[in-house]
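Heads up: the protein sequence lines correspond to chains A and B, in order. Residue numbers 1 to 478, in UniProt numbering, belong to the letters of the first sequence in order. Residue numbers 1 to 380, in UniProt numbering, belong to the letters of the second sequence in order.
Take the hints with a grain of salt, since some may be wrong.
As the list claims (entries may be wrong) - Label pairs and their computed distance ranges (CB to CB):
| hint | chain 1 | residue 1 | chain 2 | residue 2 | range |
| --- | --- | --- | --- | --- | --- |
| 1 | B | R239 | A | P86 | 40 to 50 Å |
| 2 | A | D108 | B | R236 | 47 to 57 Å |
| 3 | A | W429 | B | P333 | 51 to 61 Å |
| 4 | A | E398 | B | D182 | 53 to 63 Å |
| 5 | A | G107 | B | T175 | 46 to 56 Å |
To be verified - Covered stretches of chain B (chain A as the covering partner; in silico rule of three or more C-beta atoms under 8 Å from a C-beta of chain A):
| hint | stretch |
| --- | --- |
| 6 | 14-24 |
| 7 | 148-160 |
Hints are computed from structural coordinates only; laboratory data are not their basis. Beta carbons are placed, not taken as given, at the ideal position from N, Cα and C, and that holds for glycine.
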Amino acid sequence: MTDSASEPYDLAVVGAGPAGLAGAVAAAELGLGVVLLDASAHTGGQFYRQPAPQARAARPEALHHDWSAYAGLRRRLAESSVRHLPGHHVWSITHEAPAWSVHCLTGDDGSDEQPVRVRARAVLLATGAYERHLPFPGWTLPGVVSAGGAQAMLKSGLVLPGRRIVVAGSGPLLLAVASSLAAAGARVPALVEASGYLAYARHPRALAANPQKAAEALVHGAALLRHGVRLRSRSAVTAVHGTDRVEAVTVTRLDRTWRPVQGSGRRIACDALAVGHGLVPQIELATALGCATRTSADGTSALVLGPLQETSVRGLWAAGETGGVGGVRLALAEGELAGIAVAARLGAGRARGSRIVQLRRRRDRMRAFADAMAAAHTPGPGWRCWLADDTDVCRCEEVTAGRIREAVDDLGARDARTVKLLTRAGMGWCQGRMCGPAVACLAARDGAPEPPPERRPFAVPVPMSVLAQCADQPNTAP
Amino acid sequence: MPTGKLSDVIVIGAGMVGAACAYYAAGAGLRVTVIDRGSVAGGTTGAGEGNLLVSDKEPGPELELARLSARLWTELSGALPARIEYEPKGGLIVAADEPGAAALRDFADRQRAAGVTAEEIPADRLHDLEPHLAPGLAGGVHYPQDAQVMPALATAHLLRAAGNRIRLRLGEEVTGLLTAPDGTLRGVRTTRGEVHAPYVVNAAGAWGGELARLAGVELPVRPRRGFVLVTEPLPRVVRHKVYAAGYMADVASGSATLQTSAVIEGTPAGPVLIGASREHAGFDRTLSPQALQRLAAGATALFPVLGTVRAMRTYTGFRPYLPDHLPAIGPDPRAPGLLHACGHEGAGIGLAPATGFVIARCLTGGEPPLDIGPFDPGRF
Numbered sequence: 001m002t003d004s005a006s007e008p009y010d011l012a013v014v015g016a017g018p019a020g021l022a023g024a025v026a027a028a029e030l031g032l033g034v035v036l037l038d039a040s041a042h043t044g045g046q047f048y049r050q051p052a053p054q055a056r057a058a059r060p061e062a063l064h065h066d067w068s069a070y071a072g073l074r075r076r077l078a079e080s081s082v083r084h085l086p087g088h089h090v091w092s093i094t095h096e097a098p099a100w101s102v103h104c105l106t107g108d109d110g111s112d113e114q115p116v117r118v119r120a121r122a123v124l125l126a127t128g129a130y131e132r133h134l135p136f137p138g139w140t141l142p143g144v145v146s147a148g149g150a151q152a153m154l155k156s157g158l159v160l161p162g163r164r165i166v167v168a169g170s171g172p173l174l175l176a177v178a179s180s181l182a183a184a185g186a187r188v189p190a191l192v193e194a195s196g197y198l199a200y201a202r203h204p205r206a207l208a209a210n211p212q213k214a215a216e217a218l219v220h221g222a223a224l225l226r227h228g229v230r231l232r233s234r235s236a237v238t239a240v241h242g243t244d245r246v247e248a249v250t251v252t253r254l255d256r257t258w259r260p261v262q263g264s265g266r267r268i269a270c271d272a273l274a275v276g277h278g279l280v281p282q283i284e285l286a287t288a289l290g291c292a293t294r295t296s297a298d299g300t301s302a303l304v305l306g307p308l309q310e311t312s313v314r315g316l317w318a319a320g321e322t323g324g325v326g327g328v329r330l331a332l333a334e335g336e337l338a339g340i341a342v343a344a345r346l347g348a349g350r351a352r353g354s355r356i357v358q359l360r361r362r363r364d365r366m367r368a369f370a371d372a373m374a375a376a377h378t379p380g381p382g383w384r385c386w387l388a389d390d391t392d393v394c395r396c397e398e399v400t401a402g403r404i405r406e407a408v409d410d411l412g413a414r415d416a417r418t419v420k421l422l423t424r425a426g427m428g429w430c431q432g433r434m435c436g437p438a439v440a441c442l443a444a445r446d447g448a449p450e451p452p453p454e455r456r457p458f459a460v461p462v463p464m465s466v467l468a469q470c471a472d473q474p475n476t477a478p
Numbered sequence: 001m002p003t004g005k006l007s008d009v010i011v012i013g014a015g016m017v018g019a020a021c022a023y024y025a026a027g028a029g030l031r032v033t034v035i036d037r038g039s040v041a042g043g044t045t046g047a048g049e050g051n052l053l054v055s056d057k058e059p060g061p062e063l064e065l066a067r068l069s070a071r072l073w074t075e076l077s078g079a080l081p082a083r084i085e086y087e088p089k090g091g092l093i094v095a096a097d098e099p100g101a102a103a104l105r106d107f108a109d110r111q112r113a114a115g116v117t118a119e120e121i122p123a124d125r126l127h128d129l130e131p132h133l134a135p136g137l138a139g140g141v142h143y144p145q146d147a148q149v150m151p152a153l154a155t156a157h158l159l160r161a162a163g164n165r166i167r168l169r170l171g172e173e174v175t176g177l178l179t180a181p182d183g184t185l186r187g188v189r190t191t192r193g194e195v196h197a198p199y200v201v202n203a204a205g206a207w208g209g210e211l212a213r214l215a216g217v218e219l220p221v222r223p224r225r226g227f228v229l230v231t232e233p234l235p236r237v238v239r240h241k242v243y244a245a246g247y248m249a250d251v252a253s254g255s256a257t258l259q260t261s262a263v264i265e266g267t268p269a270g271p272v273l274i275g276a277s278r279e280h281a282g283f284d285r286t287l288s289p290q291a292l293q294r295l296a297a298g299a300t301a302l303f304p305v306l307g308t309v310r311a312m313r314t315y316t317g318f319r320p321y322l323p324d325h326l327p328a329i330g331p332d333p334r335a336p337g338l339l340h341a342c343g344h345e346g347a348g349i350g351l352a353p354a355t356g357f358v359i360a361r362c363l364t365g366g367e368p369p370l371d372i373g374p375f376d377p378g379r380f
């Protein structure tokens with residue numbers, strides 16, 4: 001094992017997306033020694049994902065909003081003293097007084113021989129989110145991709161998942177995905193949204209306070225109109241057709257609880273389906289340390305954060321989607337706020353109080369909007385009616401909806417954990433990231449589902465030989 | 001279907017031990033209500049490896065219970081669906097050096113005298129049994145009677161096997177015991193009402209001490225924490241349950257500090273499970289990097305091939321520990337109508353059938369199948 005320094009850094013930032021970048025730069029500019037860790041080779045995270053150099057993209061920013069904010073952060077990062085460690089996969093964080101130890105695997109896929117331990121007096125978790133999936137018959141057929149995955153393919157590889165792509169699911173990401181796919185030359189015959197868009201109207205104050213969000217929706221809306229994309233709200237893709245790959249989908253109208261309306265199914269020909277149901281905060285590094293969580297409006301687990309972005313565990317801060325999914329501008333504000341707060345705690349520089357006040361206001365306003373948005377896109381309990389007994393729910397372990405229903409109805413499972421014990425759903429490679437929300441809904445029967453606890457003691461799988469040397473190690477300078 | 005008022009016995013705890021008590025009581029013709037504040041197998045049962053061992057037990061009352069259980073598990077494996085993953089795979093205990101091997105041989109001699117099948121394996125034959133074992137070990141002992149089961153599935157199917165003689169009340173916590181003015185037990189009060197029966201069985205595992213206090217009696221059950229490491233799925237690289245000789249000493253110890261000895265086994269689903277750490281840390285679920293590091297180090301020392309294998313996850317559980325390492329089984333002389341079936345520490349899955357069998361005999365006034373004096377709950 002390599003220790004990156006015999007003396008700990010002031011701050012280790014985990015995740016180099018918008019929140020992590022903003023936090024790292026802000027803290028370094030106030031005089032802290034900062035290390036910025038990310039699994040990817042680039043900064044930018046999922047949002048500012050960039051094409052590989054060999055793709056020779058002339059204008060990667062054409063696919064992005066807010067590229068200027070990123071360009072600014074990237075410049076400040078280059079001018080700062082921040083040590084950026086790309087290709088570092090953090091698998092665990094532990095506390096060994098007086099500092100935190102951030103345990104990393106290295107290499108593109110984490111398979112390099114040499115693990116690294118980074119020590120720091122404070123940690124900022126900016127680990128973002130992953131996509132929420134709800135299964136339906138046919139979702140494992142080639143040609144079905146996740147909405148975020150389609151976006152990522154476009155941003156990083158400049159490739160399209162198909163030529164005629166239906167976009168479906170729920171959440172604001174769908175608008176952005178449909179308009180970028182259409183702009184890149186795909187036909188998008190339908191954008192299928194399970195919620196009613198009118199739901200936002202129930203939160204007029206949050207909307208009025210966030211005019212740029214309304215403007216964004218208008219821009220996407222106009223782009224969709226221009227490309228002839230039909231928006232079908234209160235509808236879902238309830239079946240995928242095709243033998244070797246997607247040939248068509250059935251779009252069905254939903255009632256208020258997301259239960260399919262009998263006889264309303266319509267077939268739409270397509271060769272790909274991009275589907276997603278919003279995002280789930282990626283918080284397992286924090287839950288392993290005992291950080292308190294809350295159930296956010298969209299039914300996911302998010303970290304409980306104090307007014308200055310500190311988690312319930314002292315010395316551990318979080319920003320961006322980890323505190324509840326809220327988008328890039330919120331992430332930028334929270335990251336900067338956290339960076340300033342850590343500097344203040346560690347007694348570095350002199351933070352401008354007015355900046356803190358401004359950032360807190362901005363954050364609170366955007367959080368309120370995010371909560372309204374999240375509430376509108378919470379899956380209704382009726383989505384479970386989309387599932388046939390032979391629909392795979394856990395793809396890693398090939399566990400069907402029928403097996404899960406048996407565990408709940410006949411074998412005494414009352415929560416996702418027991419369903420997992422009795423069926424193996426969630427025990428595979430993705431550790432329940434894919435099936436967790438669905439299993440939790442099925443386990444809850446008709447009650448409100450408890451969100452999965454997002455407990456994964458190893459944030460990524462760890463070679464046993466690395467684990468065998470992770471503790472009891474003397475510090476060694478590089 | 002019997003109603004709440006028509007139960008002959010209430011079993012508190014839907015783990016493996018509670019399920020076995022319910023199963024054998026129902027088999028004896030009793031109507032049973034099983035109550036648990038959580039799910040089936042939601043406590044220690046769901047956090048174990050499913051060990052059915054005779055190999056780690058000294059001659060004495062616990063070994064007698066284990067031998068009876070081993071026979072009953074063989075019967076159950078025929079009665080329950082194959083999905084419970086019962087595997088009579090056998091255990092292999094290995095020693096790193098000659099003094100360790102000599103101690104193992106001595107231990108095995110005494111077990112053989114008590115009726116256990118134990119076969120000495122010289123160093124040059126260890127790899128016939130386990131081809132991937134590290135070189136240079138001094139020798140070992142093979143125990144063909146050791147077996148493994150998937151504990152959560154076994155519990156769920158055991159509870160279902162008795163049909164409607166067993167009624168399940170899940171997500172319901174027992175908050176008190178009901179007694180008549182003359183002191184006789186009438187049932188329990190729960191978060192959802194009252195359930196009536198003349199007998200109550202405490203199968204609350206690591207939480208059995210709290211339950212006993214509701215009845216006004218003291219049972220010093222304490223949680224002894226353990227971690228299990230789970231690897232990515234592999235083809236069969238570990239055939240038996242394999243562990244190092246130090247394990248028996250750790251089991252028998254009462255020390256509060258962390259003890260680890262590698263216990264390694266494959267599963268039908270593919271992942272290799274690696275135990276076993278023991279420490280008294282209350283009901284704290286916080287990850288212990290030190291425990292995990294030692295488990296990984298111990299496992300890779302015995303099976304170097306595991307070094308490049310990835311650990312996917314880890315989980316923790318709380319063994320119900322009693323100070324003399326023997327469970328409490330049978331009627332509580334201090335509280336008529338209350339019986340205990342808890343405190344099995346890390347051996348609850350293995351000892352469950354015999355425990356349930358004994359409890360059923362106690363409830364029906366039959367003769368216990370073995371001397372239950374050493375398990376008397378009144379001994380503390």
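Closer than 8 Å, Cβ to Cβ, for at least three residues: run that test on the stretch 148-160 of chain B against chain A and report holds or violated.
Since three or more residues must qualify, the claim that chain A covers the stretch 148-160 of chain B holds, with 6 doing so at under 8 Å.
With a cut-off of 8 Å between beta carbons, are at least three residues of the stretch 14-24 of chain B near chain A?
violated (count 1)
Outcome of range test on Cβ distance (A/D108, B/R236; 47 to 57 Å):
31 Å, violated
Cβ-Cβ distance between A/E398 and B/D182: within 53 to 63 Å?
At roughly 58 Å between Cβ atoms, B/D182 and A/E398 fall inside 53 to 63 Å, so the hint holds.
Between A/G107 and B/T175, is the Cβ distance one that fits in 46 to 56 Å?
For A/G107 and B/T175 the Cβ distance comes to about 54 Å; the hint holds.
Taking the CB of A/W429 and the CB of B/P333, does the distance hold inside 51 to 61 Å?
Between A/W429 and B/P333, where Cβ atoms are some 53 Å apart, the hint holds.
Is 40 to 50 Å respected by the C-beta to C-beta distance linking B/R239 and A/P86?
For B/R239 and A/P86 the Cβ distance comes to about 42 Å; the hint holds.
The structure does not agree with the numbered hints 2 and 6 stated previously, though it agrees with the rest.
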